[in-house]
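Novice: Given next are the chains, with one letter for each unit.
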Amino acid sequence: MLGVTSRVVPMNPSLQDIGVIRDLLDLSLVALIVTRLSRLLKAQLALRVLPALCLLLAGHLLARLFSLYTVRILLDTFLASSVVVLAVIFQTDIRRGFAAWIRSKTGKDVEMSDVIDELVFAVAGLAQKRIGALIVIERGIQVDSYLAVGTDIDAKVTSELISSIFLPYSPIHDGAVIIQHGKLTKAGCFLPLTQNLEISKSLGTRHRAAFGLSELVDAVVVVVSEETGAISVVVGGKKTVILEPPALGKMLRRLIEPRWLK
Amino acid sequence: MRMHGPEPSDATVVTGLSLLLSVLIWTCVMVERPAETTLKVPLRAEHIPAGLKVTTPLPENVEVTVAGPGILLWPLRFVDPGSVELDLSTAAAGAASFAADRRSLRFADSDLKVVRMYPANVRVTLVTISGQAK
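Taken in sequence, the protein lines are chains B and V. 205 is the number that this note's numbering gives to position 205 of the first sequence; each next residue is one higher, with no gaps. With positions in the second sequence counted from 1, the corresponding number in this note's numbering is that position plus 1000.
Label pairs and their calculated CB-CB ranges:
no.	chain 1	residue 1	chain 2	residue 2	range
1	B	S81	V	S1009	29 to 39 Å
2	V	E1036	B	S145	54 to 64 Å
3	V	T1055	B	V71	44 to 54 Å
4	B	F66	V	I1048	31 to 41 Å
Lysine to any residue pairs mimicking SDA-like chemistry, simulated, CA-CA at most 20 Å apart:
no.	chain 1	residue 1	chain 2	residue 2
5	V	K1053	V	A1099
6	B	K238	V	A1011
7	B	K239	V	D1010
8	B	K238	V	D1010
Please keep in mind that the hints were generated in silico from the structure rather than gathered at the bench. In this text, a Cβ means the ideal position worked out from N, Cα and C, and glycines have one as well.
Same shape as in the complex, but just chain B (with noise of 0.2 Å):
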């Protein structure tokens, strides 16, 4: 006959309320760390890694449950390794993240430059011609390491400008134009190319190219397509359709900073 009496060390009930509410609190904060960290991940990244996690650590509960002890070490080792092997792999998204967070705790007190007028009058022109164009515009994470080819440039951004370099007989019109603390640093830019299978096929290499910088670092991109001189802003891998300037200019307003113009 087995039996099983109660716990043997008896406690005040008093300290036993303190003990419930140590272990809410303990469990909130690991709940608001948990739930930080996955933000910084972009969603659908997040859904494919919670759910991966979730399955590793019920199955290290119940290997130990079940004193499955090659299973325990097997699922341990992955777990240890898996924060490293997780911060390898994402590390733009978790990079791009904490850049977003940062922005986020920053207030917008400072005046709006005029290099976004000068931005949305220039893709204004481009888009009404058919013109194509690719400008990027830096925020947190900088660009250069992901820039190939390109002609320095350090000028300051104005609509002609910006409308000569993407001229067709311009000898740099094909390329990426770079907006770096409010100045044109950059044309004729080669980006790295999406490699995004769930694209659209008919996206031409100027989209697939604002898609894959923008899948790297938080640029904003602005694309002109040549086709049908539609304007389009690309960041974090998805694509805004903007279907008249004013909505560009009210679009890039809300997501840059003054700081990053300066």
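Fit chain V to the supplied structure of chain B, relying on the hints for placement.
Specialist: Only chain V this time, still in chain B's reference frame:
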């Protein structure tokens, strides 16, 4: 104009998964907290020398206190760890105290340890079975 960023439904799912992951992480740590539990395990007299018999009634059960991670103590409510042996191989006729053998208990995980038994020693009186005595 389409909004960029995750869809609200995705954000809700991510939050839900994050909370589930938090609970799992917390549970994984909490269940490893050291704890103790007391089991009532049957006591069995073993290796009684030939020609002797136990006359004193033995306690039916021994209270065994087991220590280890909480997750390993919980299944003990449902699993029979066996019985505690009282090794009488060295016994002779008369009264003597014998220690209950904690090694006779078999646990699935080596992290579980018997820390106490009550009674730890059992007083046993053995008499010679008539007809076999010299």
